[in-house]
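Please put together the full structure from these sequences, using the hints given.
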Amino acid sequence: MYIFIFNYANPGNTVTVKATKSDDNMANISEKTRILCRAWNVKSVDDEKPSGDAPTKIYFTTAGTYVRFPVGTTAEPQLAYWGWTDESKNKIFYYRDGFGEALPATLTVLTNTELILVDAGNRVLKMEPSN
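When you line the sequence shown up against the numbering used here, it's residues 918 to 1048, in that order.
The hints are simulated quantities; they were obtained by calculation from the structure and are not laboratory data. Keep in mind that a hint or two might mislead.
As the list claims (entries may be wrong) - So the derived label-pair ranges between C-beta atoms look like this: (1) 992 with 949: 25 to 31 Å; (2) 952 with 998: 17 to 23 Å; (3) 1017 with 993: 18 to 24 Å; (4) 945 with 1038: 21 to 27 Å; (5) 979 with 1013: 15 to 21 Å; (6) 964 with 1014: 26 to 32 Å; (7) 966 with 1000: 27 to 33 Å; (8) 945 with 1039: 30 to 36 Å; (9) 997 with 961: 16 to 22 Å; (10) 989 with 945: 37 to 43 Å; (11) 970 with 1025: 17 to 23 Å.
Claimed, not checked - No more than 20 Å apart at the CA atoms, straight line, and that leaves these computed lysine to aspartate or glutamate pairs for EDC-like: (12) 960 with 1031; (13) 1008 with 1031; (14) 949 with 1036; (15) 974 with 964; (16) 974 with 993; (17) 949 with 1018; (18) 974 with 1031; (19) 966 with 1045; (20) 960 with 970; (21) 960 with 1036; (22) 1008 with 948; (23) 1006 with 1031; (24) 949 with 1004; (25) 949 with 1031; (26) 974 with 1045; (27) 1008 with 1018; (28) 1043 with 963; (29) 1008 with 1036; (30) 1043 with 970; (31) 949 with 1003; (32) 1006 with 1036; (33) 960 with 1018.
Note that beta-carbon positions come from the ideal geometry of N, C-alpha and C, so glycine has one too.
The following block contains the structure:
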């Protein structure tokens, strides 16, 4: 089991997120998955600074999970799930407990330096890799 520890906005507060490693062999991970699976800072949502329920950071894992860090220093990070629905077309699904069903998203840009994701609500999230 891997344990990821993230320190976020409010110094001194630590959140521990546990995820189990997928049985997938890392050698079989696609190039697109390698690029996607990292921490991304959300620069904008619909060309505006993230606010409301929008995340400020998203961390995708090769195990099919992601952690989203909502706006605000008191908001708790949320563990959720993702997967490819059509990797050749940069289509993914995402799901959080309480959604009721998996939702579609499209990665309109996926490079080592930029990620643009259009979610099920047609919000455009522009991201850059986190340092």
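Does the alpha-carbon distance linking residue 949 and residue 1036 stay inside the 20 Å limit?
18 Å, holds
For the pair supplied as a hint, residue 949 and residue 1031, confirm whether the alpha-carbon distance does not exceed 20 Å.
12 Å, holds
Mind checking the hinted window 26 to 32 Å against the Cβ distance between residue 964 and residue 1014?
With a Cβ separation near 30 Å, residue 964 and residue 1014 satisfy 26 to 32 Å, so the hint holds.
Regarding the pair residue 949 and residue 1003, is the alpha-carbon distance no greater than 20 Å?
Distance of about 12 Å is within 20 Å: holds.
Restraint status (C-alpha distance of residue 1043 to residue 963 at most 20 Å):
8 Å, holds
Hint check for residue 1000 and residue 966 - Cβ pair distance inside 27 to 33 Å
29 Å, holds
Could one say that the CB atoms of residue 952 and residue 998 fall in the range 17 to 23 Å?
Holds - the Cβ-Cβ distance for residue 952 and residue 998, about 19 Å, lies within 17 to 23 Å.
Are the Cα positions of residue 974 and residue 964 separated by 20 Å at most?
It holds: about 16 Å lies between the C-alpha atoms, which stays within 20 Å.
Does residue 1008 pair with residue 1031 here, judged by a C-alpha cut-off of 20 Å?
With Cα atoms ~16 Å apart, residue 1008 and residue 1031 stay inside 20 Å; holds.
Holds or violated: residue 960 and residue 1031, Cα atoms, limit 20 Å.
10 Å, holds
Regarding the pair residue 960 and residue 1018, is the alpha-carbon distance no greater than 20 Å?
27 Å, violated
Hey, residue 949 versus residue 1018, does the alpha-carbon distance stay inside 20 Å?
Not satisfied, since the Cα-Cα distance of roughly 24 Å exceeds 20 Å.
Figure legend: structure checked against the earlier numbered hints; hints not met, in rising order: 4, 17 and 33.
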